[in-house]
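There are 4 protein chains.
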Amino acid sequence: MKSIIRNDSKILLIDLSDTKNRYLVDVSGKTFSTKYGEIDLTTLINREYGTILKSHLGRRYAALRPTIYDNIMLGIKRKTQIIYPKDAGYIVLWLGLQNGMRVFECGAGSGAMTTILANAISPDGEIVAYERDERFFKLSQKNVAKMNFSKNVKIFHKDIEEDIDDAPFDAAFIDVREPHLYIDQIWRALDGGAPVVFVLPTTNQIQQLLTQMENHSGFTDINVAETMLRFYKPVAERLRPRDRMVAHTVYL
Amino acid sequence: MKSIIRNDSKILLIDLSDTKNRYLVDVSGKTFSTKYGEIDLTTLINREYGTILKSHLGRRYAALRPTIYDNIMLGIKRKTQIIYPKDAGYIVLWLGLQNGMRVFECGAGSGAMTTILANAISPDGEIVAYERDERFFKLSQKNVAKMNFSKNVKIFHKDIEEDIDDAPFDAAFIDVREPHLYIDQIWRALDGGAPVVFVLPTTNQIQQLLTQMENHSGFTDINVAETMLRFYKPVAERLRPRDRMVAHTVYL
Amino acid sequence: MKSIIRNDSKILLIDLSDTKNRYLVDVSGKTFSTKYGEIDLTTLINREYGTILKSHLGRRYAALRPTIYDNIMLGIKRKTQIIYPKDAGYIVLWLGLQNGMRVFECGAGSGAMTTILANAISPDGEIVAYERDERFFKLSQKNVAKMNFSKNVKIFHKDIEEDIDDAPFDAAFIDVREPHLYIDQIWRALDGGAPVVFVLPTTNQIQQLLTQMENHSGFTDINVAETMLRFYKPVAERLRPRDRMVAHTVYL
Amino acid sequence: MKSIIRNDSKILLIDLSDTKNRYLVDVSGKTFSTKYGEIDLTTLINREYGTILKSHLGRRYAALRPTIYDNIMLGIKRKTQIIYPKDAGYIVLWLGLQNGMRVFECGAGSGAMTTILANAISPDGEIVAYERDERFFKLSQKNVAKMNFSKNVKIFHKDIEEDIDDAPFDAAFIDVREPHLYIDQIWRALDGGAPVVFVLPTTNQIQQLLTQMENHSGFTDINVAETMLRFYKPVAERLRPRDRMVAHTVYL
Chain L
977 MKSIIRNDSK
987 ILLIDLSDTK
997 NRYLVDVSGK
1007 TFSTKYGEID
1017 LTTLINREYG
1027 TILKSHLGRR
1037 YAALRPTIYD
1047 NIMLGIKRKT
1057 QIIYPKDAGY
1067 IVLWLGLQNG
1077 MRVFECGAGS
1087 GAMTTILANA
1097 ISPDGEIVAY
1107 ERDERFFKLS
1117 QKNVAKMNFS
1127 KNVKIFHKDI
1137 EEDIDDAPFD
1147 AAFIDVREPH
1157 LYIDQIWRAL
1167 DGGAPVVFVL
1177 PTTNQIQQLL
1187 TQMENHSGFT
1197 DINVAETMLR
1207 FYKPVAERLR
1217 PRDRMVAHTV
1227 YL
Chain H
977 MKSIIRNDSK
987 ILLIDLSDTK
997 NRYLVDVSGK
1007 TFSTKYGEID
1017 LTTLINREYG
1027 TILKSHLGRR
1037 YAALRPTIYD
1047 NIMLGIKRKT
1057 QIIYPKDAGY
1067 IVLWLGLQNG
1077 MRVFECGAGS
1087 GAMTTILANA
1097 ISPDGEIVAY
1107 ERDERFFKLS
1117 QKNVAKMNFS
1127 KNVKIFHKDI
1137 EEDIDDAPFD
1147 AAFIDVREPH
1157 LYIDQIWRAL
1167 DGGAPVVFVL
1177 PTTNQIQQLL
1187 TQMENHSGFT
1197 DINVAETMLR
1207 FYKPVAERLR
1217 PRDRMVAHTV
1227 YL
Chain S
977 MKSIIRNDSK
987 ILLIDLSDTK
997 NRYLVDVSGK
1007 TFSTKYGEID
1017 LTTLINREYG
1027 TILKSHLGRR
1037 YAALRPTIYD
1047 NIMLGIKRKT
1057 QIIYPKDAGY
1067 IVLWLGLQNG
1077 MRVFECGAGS
1087 GAMTTILANA
1097 ISPDGEIVAY
1107 ERDERFFKLS
1117 QKNVAKMNFS
1127 KNVKIFHKDI
1137 EEDIDDAPFD
1147 AAFIDVREPH
1157 LYIDQIWRAL
1167 DGGAPVVFVL
1177 PTTNQIQQLL
1187 TQMENHSGFT
1197 DINVAETMLR
1207 FYKPVAERLR
1217 PRDRMVAHTV
1227 YL
Chain Y
977 MKSIIRNDSK
987 ILLIDLSDTK
997 NRYLVDVSGK
1007 TFSTKYGEID
1017 LTTLINREYG
1027 TILKSHLGRR
1037 YAALRPTIYD
1047 NIMLGIKRKT
1057 QIIYPKDAGY
1067 IVLWLGLQNG
1077 MRVFECGAGS
1087 GAMTTILANA
1097 ISPDGEIVAY
1107 ERDERFFKLS
1117 QKNVAKMNFS
1127 KNVKIFHKDI
1137 EEDIDDAPFD
1147 AAFIDVREPH
1157 LYIDQIWRAL
1167 DGGAPVVFVL
1177 PTTNQIQQLL
1187 TQMENHSGFT
1197 DINVAETMLR
1207 FYKPVAERLR
1217 PRDRMVAHTV
1227 YL
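Chains as they are written, first to last, in the working numbering: chain L, 977 to 1228; chain H, 977 to 1228; chain S, 977 to 1228; chain Y, 977 to 1228.
FYI, nobody ran anything at the bench for these hints, they're computed from the structure.
Being a predicted model, the structure only gives us computed values, none of them experimental.
A few of these clues could be false.
The list treats identical chains as interchangeable, and a pair is accepted whether it falls inside one copy or across any two copies.
[Unchecked claim] Calculated cross-link-like contacts (lysine-lysine; reagent style DSS-like; alpha-carbon spacing at most 25 angstroms):
1. K1053 <-> K1122
2. K1134 <-> K978
3. K978 <-> K1130
4. K986 <-> K1114
5. K1011 <-> K996
6. K1209 <-> K1127
7. K1011 <-> K1122
8. K1130 <-> K1011
9. K1134 <-> K1011
10. K1006 <-> K1114
11. K1011 <-> K978
12. K986 <-> K1118
13. K986 <-> K1134
14. K996 <-> K1030
15. K1127 <-> K996
16. K1209 <-> K986
17. K1209 <-> K978
18. K1127 <-> K1006
19. K1053 <-> K978
20. K1053 <-> K1127
21. K978 <-> K1030
22. K1114 <-> K996
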């Protein structure tokens, strides 16, 4: 039997016009309103996900069940540069994350990647995350709680310069400005041969990190990779790539 | 305390010369042998993962703990075209997979993607996979068992043309030659608004699928995307992209 | 001795702020004016190209000598989709254009590619171009004259469906919506083994064209290729790719 | 009337099997021979370009007229890293090359790019090229002569460290290992506002060059770009990108 929308459900509303705008809304919020008209969300109660709605001005919307990925992309207040999904998925796979693993993250930022990592090791694993900026420390805690992963995540208001407690970890994800300064701490915090991914936006940072790694005996199997994502216009009769694609974000 | 290699451990051996060849071996296998010399694997017992070894001809190897991703890439006998990790990670994220979800897969192929999907929904979720080719049906079962996900995976020797049992599912992953013939069955098997990813190697198949979807009222928020992965030569003083990159594989 | 700006010179003005806006102006126009202030262009007379100017509000501009490529990109009124420079340069090379060659083009559009082709075969070669839309026919003639290539270019208000006169040609460049309908005419118009490039925005058009070519004995060495161009932020300390790149445009 | 092959013609032979191997041969060479059989090239005399031939073992070949691009790619002995056509075409366009222009090149290498530049400014322009390695100096002279551009090209056995004579130039193309050491010489050799392209394989070199340029007042409108080229399998019914693409080569 297909799932039914309840009065405490969260809904992903997708504007079915060309804009394809996406909204994350609570049915309990009762009214969804844009310049294209209003929708009474309570009419969704007891109907199936996937229902098509019309605003009072005739705009059509689909009411879908948000995935965790929708929740992260739309439901998290972000104040930092995001890790693109094209990168996040590849990172989770590359780290070999599984239920029960213990992962070290630095820094937590707004908690988006923390949530993705927590999801990958839940229900039994643990993320230990450091965040030195107090504002982000609070924001990431709030966002992780909102996504219901507080049980799996401990965020500390700490800098990576300090000793990393609770080691060794099964994997690490490092997203700080100058990771080359801390590779010794990171190496000590990792279990033998455990994978670590660094995210670095500039080629200069990669060079600095590689220089440090080449002088450090502990890292082997070093890869520098970059993912690109290209969207196509989804029209059967005129299938073509979009003129612009998302490209960049370099990591190890 | 760092983890210790035991006599029943699986080891990822990485050749530290320029070849960077990777081998998945059992310590209990006792001897690892290539044209670059032999290694007595039992010397690894009671040492930490990350240990560096030399063959009797002097070739150096790192002994790491394989991730699930290493196990899949190196430990699974593959007879079908693979889903690249760049795609697999993005697909898992895009489907929003979480512990406890129920996912429909067709076809299972050699079971590599089945294992990745199973890992993402374990320990409490379930994959129901169809595979019509008897050889692949048996191979995928064997590979899933080897990766210890038999508890989470049911593979059926069945065709997607038949009714899909155990519906509705929270997500679906479809990797068959002519998916456009079956979108009605797939749509009925999915919970309202649940995500589905199709993997299609040619632009012709995408066009056929889009044509069917445009005539079917049930699919919204259709995306056609392609990931590309580019590796860099990891040398600090001469950081540059490799001349060739892995690009392609189109999906929805 | 470096070149001197005269009162009948054309100038490429580049805004040296972050906008990097580019303007093609005549010194004889006397005044250049934007919301960032006015510049008296006559002060440039008898000075060298490369001079830096300030508007009366302090905005800085470089006064460069425009290349033919600047003239085409900025000086041509365009009403059609453009051929990107990343594609145009590769096409000219792929066609092996040299002084003296005779090239058939269809359709001329706004004349931008016509000018690039004419430049590549001048001073002694010839472009014969067809354009069936009267508005574009007139526009392309005007633009080619403005770029001083009237001597090398004959544009006809004609459709490719009709016989192609003045054959055989040494090369052809085809930019029409349904080239697959005309490959017989094109083949007859080309000298034996002469190269032809088709520009096609959608994968469907490529498939249709390939289908026709596979049934036609005259075409060999068929390639389908696509160029992508990626820009980097040109900052020494933070060298990184821009987040978005120009990608697409498929041709043969 | 279509062109006729003569006994002193150069022919591009393309193997019509899946290998698509390409050979540049002289009809006067009389016999073309591979493990797939022999061809008597004299049978081509007085026939049209585009003729299909069979070896005595049945292998099919097309006999085409080579373009200048074929002549460069196949007829030049190369001992240096090549500039890919995807880059060469874009560079010629970006430099705005036209008949009559004077261009400075350093270093000439095997003369492939010298030939492409010479073709773009012929018949009336001039390339002044420096090459400090005696072996390449001789090779580039030989290759340029073979391509019939000796009239337009002067190659000097000189280093860029020395003064650049015959300045100012309308454009420059620099392909040396450490261009950042010479930007002052290059700037002095260029006419005001004239374009220059540097080809640099590593990101480190780009950073060094940008650092020098940021400290030099003479360069404006600096761009760092990279072209990528992707080939598709040219099969109408199964149109798809090839799994690997040519990517890289960074320049300004």
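field: Which numbered hints fail
entry: Going through the list in order, the structure violates hints 6, 7, 8, 9, 10, 11, 13, 15, 16, 17, 18, 19, 22 and respects the others.
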